[in-house]
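So the sequences go chain by chain: A and B.
Note that the first sequence covers residues 887 to 1792 in the working numbering.
Note that the second sequence covers residues 887 to 1792 in the working numbering.
Calculated directly from the structure, the hints in this document are not laboratory data.
If you're wondering where the values come from, they're calculated on a predicted model, not measured in any experiment.
Do not rely on the hints blindly, as some may be mistaken.
Identical chains blur together in the list; that is why a pair holds if it fits in one copy or across any two.
Said to hold, decoys possible - BS3-like cross-link-like pairs, simulated, lysine-lysine; straight-line CA separation at most 27 Å: (1) K1226 x K1184; (2) K953 x K1284; (3) K1199 x K1224; (4) K1345 x K943.
Number of protein chains: 2
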Amino acid sequence: MAQQHVYSFGGQSADGDRTMKNTLGGKGANLAEMAKEGFPVPAGFTITTDVCVHYSKNGGEYPDGVKEQVLAAISKVEETMGAKFGSDDNPLLLSCRSGARESMPGMMDTVLNIGLNEKTVAALIAESGDERFAWDSYRRFVQMYGDVVLGVERDEQNEDPFETIIDEAREKAGVEYDYELSADQLKEIVAEFKRVVKEQKGRDFPEDPMEQLWGAIGAVFDSWDNDRAVVYRRQYGIPHEWGTATNVQAMVFGNLGDDCATGVGLTRDGADGKPGFNGDYLINAQGEDVVAGIRTPKRIEETFEKDMPAAFKELTEIGERLEAHYKDIQDIEFTVQKGKVWMLQTRNAKRTGFAAVRIAHDLVEEGVIDSKEALNPRRIPADDLNQLLQPIFDPAEKKAAADQHLTTGINAGPGAASGKVVLTAEAAEAQFNKDENVSLILVRKETSPEDLRGMRVAKGILTAQGGASSHAALVSRQMGKACIVGAQELQIDYAKKTVSVGDKVLKEGDDITIDGFTGEVFAGLVTTSPSEVMQVLNGEMKPEESETYQRYSKIMGWADEHRKLNVRANAESEDAAEAVAFGAEGIGLCRTEHMFFGHLDEIREMILAETAETRQKAVDQLLPFQKKDFTELFTTLAGKPVTIRLLDPPLHEFLSDRHLEEEPGLDEKLAKIAGVTKEDVHRRVSELHELNPMLGHRGCRLGVVYPEVTRMQATAIFEAAVATKQAGHEVFPEVMIPLVGFKTEFENQAAVVREAAAAVFEKAGTEIPYTVGTMIEIPRAALRADEIAEGAEFFSFGTNDLTQTTLGISRDDYGSFMPQYREMDIVPADPFQTIDQPGVGRLMKIGIEGGRSTRPDLKIGICGEHGGDPKSVMFCHEAGLNYVSCSPRRIPIARLAAAQAAIAEG
Amino acid sequence: MAQQHVYSFGGQSADGDRTMKNTLGGKGANLAEMAKEGFPVPAGFTITTDVCVHYSKNGGEYPDGVKEQVLAAISKVEETMGAKFGSDDNPLLLSCRSGARESMPGMMDTVLNIGLNEKTVAALIAESGDERFAWDSYRRFVQMYGDVVLGVERDEQNEDPFETIIDEAREKAGVEYDYELSADQLKEIVAEFKRVVKEQKGRDFPEDPMEQLWGAIGAVFDSWDNDRAVVYRRQYGIPHEWGTATNVQAMVFGNLGDDCATGVGLTRDGADGKPGFNGDYLINAQGEDVVAGIRTPKRIEETFEKDMPAAFKELTEIGERLEAHYKDIQDIEFTVQKGKVWMLQTRNAKRTGFAAVRIAHDLVEEGVIDSKEALNPRRIPADDLNQLLQPIFDPAEKKAAADQHLTTGINAGPGAASGKVVLTAEAAEAQFNKDENVSLILVRKETSPEDLRGMRVAKGILTAQGGASSHAALVSRQMGKACIVGAQELQIDYAKKTVSVGDKVLKEGDDITIDGFTGEVFAGLVTTSPSEVMQVLNGEMKPEESETYQRYSKIMGWADEHRKLNVRANAESEDAAEAVAFGAEGIGLCRTEHMFFGHLDEIREMILAETAETRQKAVDQLLPFQKKDFTELFTTLAGKPVTIRLLDPPLHEFLSDRHLEEEPGLDEKLAKIAGVTKEDVHRRVSELHELNPMLGHRGCRLGVVYPEVTRMQATAIFEAAVATKQAGHEVFPEVMIPLVGFKTEFENQAAVVREAAAAVFEKAGTEIPYTVGTMIEIPRAALRADEIAEGAEFFSFGTNDLTQTTLGISRDDYGSFMPQYREMDIVPADPFQTIDQPGVGRLMKIGIEGGRSTRPDLKIGICGEHGGDPKSVMFCHEAGLNYVSCSPRRIPIARLAAAQAAIAEG
């Protein structure tokens, strides 16, 4: 028997059901399901996605058996609907719609009213008794078919010739709307349309209903590969090889009179999740009128009950039944023909993060689903939780600012921010020091670690260069700042202190607004406010005052019940309290160097020191600051583990030619501080210069060459730990050696750390349990993990650097090719956002296996940016990690993603 | 039974033999072998290396049983020698010498004449009838023991107090040499020595012979870990955990009168390999006198026969017997006591590359060994072949130039070169263009690809920065230039055009000389000439005129018989002929971008092009040059495969801010050429800037974004191939895609290449078989090799970049920590010289396994610098590679190393 390519539905039965989305697409599977469940569905059939794949691969050829199966399915439809396709007296009309496994709204093609021609239109007139309706339907059909199937093109003035004809007809008739045109006028329009087709395509408009149908089916399959659809799939990660199904269905008419209507609806509110049926409808119209925007639709929840009381009752009952059946908010399309409701589609509705949380929460409260099902990533994509944390613009305010729109960049840090343009970190700090309440948007070509303190005081970051994983983007997410990167139209002139797009020029100090959700940049101010959840977490609002917070909190509680991965924060003392508020179970990465940027004189003296002795002296000055920092951190995290990474960045981040150029006299000042000559300063700076800093003298390579630094940092850590313990708090320090590639490097540094610990403990007369572990962030470390685990008591995958080295791609430089790589499908996703599982992930697995072969209970975590990416968190769960660590604001996301991973595993 | 820690020898028998070097050390094993074979060896015993390891690990404790076994062994010696250790009337004196598995000449300690005290010295006088001899021996013993065992220290004036005493005694006695001192004077000296010991160490000099012996044994074991020995082992890759053996042996005396002598000898010449016994000796002396340099030794081959005819005859016979027994040139130590020859040591002699080749060759000719044995890496270390290819200084000339010595750097490119200092590549080229015979030494802080053409015309390269794998070092080896890098004392002032070390200043144009064998830099000229082998390969000498060449050629022939790896060259058209002369079986890496530096205008126009169309136009201008280049290359390599790598370096190597700064007006010129504005030029240059160029927009990432370049290069390759074929030569092009990490990248580029090939072949009406393969040079490529091999028809490991990414170390920047890493034993070797087998090697194996799982007959090679490193070649053989590719001058080394690997495998 030939493979089944065609699945029929209608008349309370169907070949398929809702489980068959892969074969029938979402629309087809749900039409089958509705038919089976007794919902009023016009009869029809679905041609499978496999046919699309075959068609696409074989230049438009159909697999064997399709034609015959379609003919048989048409017969079934004719039987069920009591009409005949192509009949001169009782014609069946068909629609033809795409329907992929995942909804791709508006991306593919649709043809309605298939089967109309000069003969059947006469039959339709006779049957409906409505000549205007019949000609209107025919006009719509010829227009759609001409566009979609025949590919009628725009004229020299870039006008749609069909629209031009309608415009002229309206003018001639002296009416404003299409629906005011008479049957005769529509008949004339049809003739004109056909003339255009003949002119442009050199052939007559097809009269044969069967030819029309196959044309429409082919067009739907073809539309899977149109540009829009390809771009959409790339953006949403939908595989190109899935293909779409084609749904052929008997037409029902919402345009047969005032007892007819067409509409779309939601069983709850998709924006905020509030219960209650809502949607748009139009009386006496066909489906495309609702979305076309020519007539303004009415709101179902406002007037439909009054307009069509019986249909309203039937529709809301159908909505309730569907929601009960699907156990989720439904997005439906319907037509009312002569008072009778017909269902054309139902599907789980798209929703915002706010709505997702509320609906999942409410459905549990209503007893429809349990808490485990509430966490299903289909219901709450973990990333969407972010929306609950970000300040928001009032949509009305933003709309009002449309004429202020400057440009659009990459939406790298979700959030809304308005403030004064500031072009340097120094200026930002200076202004902040004058007025802590100042709102600043730091606008730079790109940012570097220098700019950190400026970024910290800014409300938002905007850069002209860089991608979604550039320094600006990473740090913004870490800091929870609104951020837009890669806004390439921006011209930044540091000398003139201006930011311009074309002839629009903003000066430093002028107001600017960025919407980190969308990437939009506006001149001027748009007001924002923190989200309710943030207000509660910050203590500005009581939990009981915010229903949103209560729902968020409940969802988080369910997530914590199910997840197996621990979730920690990448945080320093400044943001540790926030991390704890977000639910961090420890610190997975405290970067010790952030603080050094506040003590540049001392670190520079250390860099310029020419002997171990003078270096020691310089380094000793930093100890009290580090100790204070660590004491604060340990106190905030009392009772929780804290992983502190030793100095990581290359020293030229603290002192380079750029610094000497930007600050005249700095060389002299430093020479005096360090007791060397100006020439020594310049020589040392030139020695520090590196061609590839990412692969240079950094990480533990610093500690090996300058053990004084490691010793100072370790001493500060353990003195802080002792002080914290003596203040009555539990403290669990974990010292992390960065950039280890050789077991010997680890041993060298671990020995210095352990010596420092012993010295501190002896002096204090107390001991604190601690561990010494390592980052796994270069491929060699993963490959030699078995050896390294002989000494290392924990591993933490530094997936940022591990991705850079495994892929040989600098995240600071990949903007010049990565956009094109994404566009050309060279890479399936940005590897700095989502772990490259086949490459980096394989290396991680080698590292995990190696490490645990030596130390079966080795604690392994991840502290790269990927720790806050849901897909990557799921991978970490599957790979057997103990924890993920991410920036504080990603913690809720990580908690939920970890639960989703555990639930998916079953 | 306790483990055997002590092995006796003497009296024509021994517990051990020559096979036991690991346990007995080289000296001990050969003493045992000689005793067994009936050579005259003073009796003694060897304490094993295992004891040293135990002693070293346990703070100077000996394993159980050692003390007893030593006592028993002493008894045996007493029996054999007919004397008694510590006896008042017939005292046995002992020597105590180190002896590791591999010879470490002069690095560890020796004590002679053990057993002498106030009583035994009297017995020695009585027995020998020679009071002066006895007191001289006692003086030597107290001095050596005081130095080595008791650690007597230098005084405030940094004078050795023992030497001061002798000096004073000589002055007082009015004599010039030690041996002119009388017995009484020596007796007084001994008393003074003992006083110094008492003063410095607060204890009497030990009188008890057994205490003396254990002190000496302990000192020898301790000396395994002295600084000198540790540094030596690091330099020669001898594992620290081996330990040394200690050899205790009955003293024989070369200082008992004029029928006594002591000496060292070689059975052939170690410098050039000429046959014939040769060496140094001293009449009436002890061993240390020969090396101490106080008396000038006489040459054995000149006067020994006349001085001591019987001993000469015995010695030369022993030499012949030893060589026949060991089948290799022997390095021996001997003492003649009262006319009788005693053997104190024999070992396979160290030899230069020249001698190694001659001796191996001659021993085969003499029928002593076969050709397989001749290739043993112990006989000809593959690296040493290099010496046959490099120009050389006359040693006398170099000695004469000693006062001109400026500094010493890292000997990165073996060879000798003298010439005028030139500080920029441009100046070098300009001078070369004026006079092709000018000798230039390019002196730079560091070099970059810009400097290539300058390097090509220079005789040698000297840099102040960079390590053995810096750009300068790599390219020098590639070009076969003498090169010294990292000569850190050099101060280079480009503005003043001077090179200085301290107050010695050379101006541009002054003469300078570099010895790339040793790293020495001299002011002024020292004459050099090309080696004979090079003269023959260059056609300047006929093969039959050079015995050296004939021997080299024979060795190469034997290597080719045994090796399984193919050997190819990394070469472009300029050096392809040389590569073939060296025996290249194909080109493994032709870098297509070298030629671009000669057409900067065109490549810069390409870079500045703003549309694919103008880019195509610019690129088209480069096609004829590339085609010409490839045609030359194919013609030179007729019948052999040629692997051509597509454009690899980032575009800023061709156009950067540095270029614009260095060449005023360049921006304007380029704007005109490319038809853009000056601002466009600067904007584009700033876009091209990268923070980590190594991980940036290069390799196939260029080709993916700019397919025009790939298409042009592929077209040039295939047009050249067609032209070469039409000229009657066989041609096998292999197109190599660089820096592939994703299968999709390879597919993208391979498609462009195959399209270009098809177009060229169709136009030409002919077809040429070709393959398209990839570099495996980033970890992801190795990890996904199975997928990549679906498309790639060959792999070539780019181990330079693979090492950089796998280790996360930039070879341009590792100078700041790698020297310290080597010194602290963090890394066992420079990973850019020898493949890091545990890390990079493991990844290579993953890549090989992956690639061959998809394509079992996949051809795999290596084209990194490691392809010319013997240890790495051996690894490549073991890993199952098909070929190695290296710079032309490393080909002989690679051929030999490949043979050695195949033979070692058995």
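Verification of the supplied hints:
In this assembly of identical chains, the alpha carbons of K1226 and K1184 lie at most 27 Å apart only when taken from the same copy (19 Å versus 124 Å across copies). Taking CA atoms no more than 27 Å apart as the test, K953 paired with K1284 passes in neither setting, with 52 Å inside one copy and 93 Å between copies. Only within a single protomer do K1199 and K1224 lie at most 27 Å apart by alpha-carbon distance; the minimum there is 15 Å, versus 130 Å between protomers. Taking the closest pair of Cα atoms, K1345 and K943 never come within 27 Å of each other, the shortest separation being 51 Å inside a single copy and 61 Å across copies.
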